[in-house]
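Number of protein chains: 2
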Amino acid sequence: MEITFTPIGLIHSPFFKLEEMPIQPAGAFGVQGTIDLYPDYVAGLQDLDGFSHIYVIYHLHKSNGWKPRVIPFLDKQERGVFATRAPHRPNPIGLSVLKIESINSSQISVSNVDILDGTPLLDIKPYVPQFDSAQDIRIGWIADTIQQVKNVRTDRRFSG
Amino acid sequence: MEITFTPIGLIHSPFFKLEEMPIQPAGAFGVQGTIDLYPDYVAGLQDLDGFSHIYVIYHLHKSNGWKPRVIPFLDKQERGVFATRAPHRPNPIGLSVLKIESINSSQISVSNVDILDGTPLLDIKPYVPQFDSAQDIRIGWIADTIQQVKNVRTDRRFSG
Numbered sequence: 032m033e034i035t036f037t038p039i040g041l042i043h044s045p046f047f048k049l050e051e052m053p054i055q056p057a058g059a060f061g062v063q064g065t066i067d068l069y070p071d072y073v074a075g076l077q078d079l080d081g082f083s084h085i086y087v088i089y090h091l092h093k094s095n096g097w098k099p100r101v102i103p104f105l106d107k108q109e110r111g112v113f114a115t116r117a118p119h120r121p122n123p124i125g126l127s128v129l130k131i132e133s134i135n136s137s138q139i140s141v142s143n144v145d146i147l148d149g150t151p152l153l154d155i156k157p158y159v160p161q162f163d164s165a166q167d168i169r170i171g172w173i174a175d176t177i178q179q180v181k182n183v184r185t186d187r188r189f190s191g
Numbered sequence: 032m033e034i035t036f037t038p039i040g041l042i043h044s045p046f047f048k049l050e051e052m053p054i055q056p057a058g059a060f061g062v063q064g065t066i067d068l069y070p071d072y073v074a075g076l077q078d079l080d081g082f083s084h085i086y087v088i089y090h091l092h093k094s095n096g097w098k099p100r101v102i103p104f105l106d107k108q109e110r111g112v113f114a115t116r117a118p119h120r121p122n123p124i125g126l127s128v129l130k131i132e133s134i135n136s137s138q139i140s141v142s143n144v145d146i147l148d149g150t151p152l153l154d155i156k157p158y159v160p161q162f163d164s165a166q167d168i169r170i171g172w173i174a175d176t177i178q179q180v181k182n183v184r185t186d187r188r189f190s191g
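Residue numbers (my numbering), protein chains in the order written: chain A, 32 to 191; chain B, 32 to 191.
Don't take each hint at face value.
Listed next, the in silico DSBU-like pairs over lysine-lysine satisfying Cα-Cα at most 35 Å (straight line) [as the list claims (entries may be wrong)]: (1) K93(B) / K98(A); (2) K98(B) / K93(A); (3) K48(A) / K107(A).
What follows is a list of derived Cβ distance ranges for each label pair [to be verified]: (4) F47(B) / Q77(A): 40 to 46 Å; (5) S133(B) / G149(A): 37 to 43 Å; (6) P70(B) / K93(A): 26 to 32 Å; (7) D67(B) / S136(A): 41 to 47 Å; (8) T35(B) / Q108(A): 28 to 34 Å; (9) H92(A) / D67(B): 26 to 32 Å; (10) E50(B) / R187(A): 22 to 28 Å.
What the simulated footprint calls covered on chain A by chain B, stretch by stretch (three residues with Cβ under 8 Å from a Cβ of chain B suffice, anywhere in the stretch; the number is not a length) [to be verified]: (11) 75–83; (12) 112–125; (13) 156–167.
It should be emphasised that the hints constitute simulated quantities derived from the structure, not laboratory data.
Model, not experiment: these values are computed from the prediction.
Just so it is clear, CB atoms sit at the ideal spot from N, CA and C, and this is done for glycine as well.
Produce the entire structure from the sequences given, and follow the hints as far as they go.
This is the structure:
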């Protein structure tokens, strides 16, 4: 069974190639970008200006294929793909928490952008940590390398 | 341009109809469910047992159609759909932060489940708050009703 989605806009950023990108919003602090919604969807932005952050869900459109185990950017050994944020996934869906700088008609100016320029947008949701009820959080293998998230950049390993 | 995804498993929960469901994980504290991965994807679960929580991304498969403005469960007035988590969205993609209770081969036992039984799973990502770099968070119109998230249940407004 297949599920079909349609892009609702495009994400623009300073990143025009898959290498040398920040690997998460935490590594893209202050990096500016824009989300340009297609006209059919602009009315859905009402009330969003009261929120500081959004979940941005997008199509990792340059990701081709996947493997059950990958060597993620933060590590030197293979990990199960679902224990990583690697872009080569069975369904190449990206998720970033971005900061809203301003909203102007069809365009949202955002910061902390770790997304490739021209990426198709699938959904925007308000970021409400109180909804998640997550406490006593453990972050597995990433605990050993989390300090590197601000400095590590992408390389060619998922460009193929 | 259309984007096609394929379910990687199914989510099972105690919720068999769209009404009387919790509206977010914070309203589903302790509610147990399971994520059953299809065989092709089970090897991707390696290393996930070190994490306490996951992002679960799924197809809101009972959602038909959308409108740019909706009256969300937490409110009595219309809001732009992208300023809500309402299921009637241009691309009906659901996002929940669930707690991992245990992992057994192809099955993840989870809690805080606010998801309909039989929902198609699209992706699992480790929940790593340090990746998001979100500070000084404002939650817009939801600030007035956030206290209700634990008690409000769904009704028929998005069942059509």
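Here is what the structure says about each hint:
This hinted pair checks out: K93(B) and K98(A) have alpha carbons roughly 30 Å apart, not beyond 35 Å. Restraint check for K98(B) and K93(A): the C-alpha separation of about 30 Å stays at or below 35 Å, so the hint holds. Of the supplied pair hints, the one linking K48(A) and K107(A) holds, its CA atoms being roughly 23 Å apart against a limit of 35 Å. Our hint of 40 to 46 Å for F47(B) and Q77(A) is violated, since their Cβ atoms are close to 33 Å apart.
Between S133(B) and G149(A) the beta carbon distance is about 41 Å. The supplied range of 37 to 43 Å therefore holds. In this structure the hint that P70(B) and K93(A) lie 26 to 32 Å apart at CB holds, the actual value being about 28 Å. Checking the proposed 41 to 47 Å range against D67(B) and S136(A) shows it holds: the Cβ atoms sit about 44 Å from each other. Distance hint check: the CB atoms of T35(B) and Q108(A) are about 32 Å apart, consistent with the given range 28 to 34 Å.
Range check, H92(A) to D67(B): about 29 Å between beta-carbon atoms, so the 26 to 32 Å window is met. Checked against the hint of 22 to 28 Å, the C-beta distance between E50(B) and R187(A) comes to roughly 50 Å, which is inconsistent with it. Counting residues of the stretch 75–83 of chain A whose C-beta lies closer than 8 Å to any C-beta of chain B gives 9; at least three are required, and the coverage claim holds. Requiring three or more residues with a Cβ within less than 8 Å of a Cβ of chain B, the coverage given for the stretch 112–125 of chain A holds, as 9 such residues are present.
With 11 residues carrying a beta carbon less than 8 Å from a beta carbon of chain B, the stretch 156–167 of chain A meets the three-residue requirement, and the given coverage holds.
Going down the numbered hints, you'll see the structure goes against 4 and 10, while the others check out.
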